[in-house]
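Asker: Here are the chains, one letter per residue:
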Amino acid sequence: MFEGARGFQFHEKSIFESGAPGRTGVSLAPLDVPAVNPKKHFGAFARGVPAALPEVSEPEVTRHFVRLSQYNFSIDTQFYPLGSCTMKFNPKVNEWAARLRGFAQLHPYMPESMWQGGLELMARLEDLLSDIVGMDHVSLQPAAGAQGELAGLMMIRAYHQSKGRTPKKVLIPDTAHGTNPASCALNGLTAVPFPSGDDGIIDPARVAAMIDDDTAAIMITNPNTIGLFERHLPTISKMVHDRGALVYGDGANLNALMGRARPGDLGIDVMQFNLHKTFTTPHGGGGPGCGPVAFTKALEPFQPSPVIRRSDGPSRYSLDYNRPHSIGRLRSFVGNFGMMVRAYAYIREMGAEGLKAATDLAVLNANYVRATIGDDYPAAFDALCMHEVIVSDKRIQKETGIKTLDIAKRLIDFGFHPPTVYFPLVVPGAMMIEPTETESKETIDQFVAAMKQIAVEARENPDKLREAPTTTRIARLDEARAARKPRLRWSPPVVEAETAAGE
Amino acid sequence: MSNVPDSLRYTSDHEWTKDEGGRVTVGITAFAVEQLGDITLVNIDVKVGDDLEAGKAFGTIESVKTLSDLFAPVSGKVVAVNADLESKPELVNEDCYGKAWMITLDAAPGSTSALLDAAAYNAHLKATAH
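First to last, the sequence lines map onto chains A and B. Using the working numbering, read the first sequence as starting at 59 and increasing by one per residue. Using the working numbering, read the second sequence as starting at 1103 and increasing by one per residue.
Worth flagging that the hints you see were computed from the coordinates, not collected in a lab. Treat the hints with caution; some may be incorrect.
Claimed, not checked - Only pairs whose alpha carbons sit at most 27 Å apart, straight line, appear in this in silico DSSO-like list of lysine-lysine:
1) A:LYS522 - A:LYS461
2) B:LYS1167 - A:LYS510
3) A:LYS522 - B:LYS1167
Quick caveat, the model's predicted, so the values are computed rather than measured.
Could you put the whole structure together from the sequences, leaning on the hints where they help?
Answerer: Encoded structure:
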């Protein structure tokens, strides 16, 4: 029996269609300051009619959002093996720490002497992260992994400029994430893709032939996107450094290395962390993120400003804004502090041994999936994988005409989030499964059982797959139509009527 | 096996060409369409009068699965662009060898003779599918 079952599902209207005129869920205190006339202060910008906000009671608004949340898959409710995304469980102790009054109520305009604890936590997190990746310094400022990557490349560019050089080329293997060429373009650099070797990893000879005086850097993800460890990294780093170029390390797959191998020891000069992947901060719905960047001494002068300075005395920690060579500020204040508290709590809760064990278990779990579903869905590469496994459903497709997407959709009916599908592109019928270390053997066994049952259904009752999902609030969406004819805006009719009346 | 009309010439990137005395019309093959799935967007980045070099990208095609470049199979001057595809990308799924042609090039006579014929393209498909 699978745990994924149909919940209570309401046909929930948009909140603008709920409630009634004049209904309210809040009671405001009487006005205790002088009333102002907005027209006088803001002129034409003052609103003529009230905003058409929903008029609902507290129970209505609570039920509305709780019901919507029940339509969702989340790490708190389901197994979420979305490859390349490291959807590990976020321990609740992180939330406890982030909600401590002394952290949650800090204001960025407080004098530094009043938030020494916050600054100390940041300094300590910088040191821990530096230690984990074997590099000299860390800046916590970037607000997401992609921004960390941008910061890293900006620092590389500034480094070359400080030496009076303006090399333009950045070498990128064909297995790279799409953010890599994007970060290059934002820096006015040219991404030069090159094919990996036949064994799926970078061939140093191929890189050697491509490096020239116009090469600014090489960008390498390790383990790479097809889950293989870049064995020749030290050789490649040396070749790149010998020509005056730098090595950017994409830290997206750090969950496979943490505690076992340090990117700094492999010759990486600068890399980003995705705290929401490896260090259990929330993936958020595009909410506040944190993508610190780690770098060597040579790049230190260029790091984002301000920098946390450590010294002796009553205010031991302060922010240094006097950074003439800095690439500048990437984010207001010090970045998204709440994420730093969560990552710090996680690292301290786990300890060095715990982080090592997490990495080991992440790799073991992925290999367990690889071994147990291999009969129906063979691994794309016949080798031990790292923290995620890429399997192919090519055999089932050929036999039954079922598509990868049908298998993914059917998994939802069993209560599992589908893995990443059709990625990486070099594998036909790819499903990229990343169980992470936080799942129990029982959960993974259930997932494997569901995958096997789907393989049987594909042969015996393929319509079950084509019609899936059937247990969700809304059945399969027409993704092609949604992309071809998107409706990007919905306005409640009531707003239009009132705006018209107001004008 | 996918539909591979005998009258056309092909590239290993799964594009077809129809050569009418040096006027070369270009589109993508049925195999490419099967691999891409439902097409959601066709972006042609060249306009009539532009010179295109063989192997250079002239646009992109996006499906629910992925985004791919479109490459010029031969060198030549762009003499026509299929504007319908901008508003009706589904034409590529419906009629890839007809209504979903993408561009026409004015190329040197005989420039498509170096491309694959139907038999060679079929062999290429077989090798890719292994």
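Asker: With reference to the structure, classify each hint as holding or not holding.
Answerer: Hint check results:
1. The hinted pair formed by LYS522 of chain A and LYS461 of chain A meets the criterion: a straight-line CA distance of about 12 Å does not exceed 27 Å.
2. For the hint linking LYS1167 of chain B to LYS510 of chain A, the alpha-carbon distance of about 24 Å falls within 27 Å, and the restraint holds.
3. Proposed proximity of LYS522 of chain A and LYS1167 of chain B is supported: the alpha carbons are some 22 Å apart, at most 27 Å.
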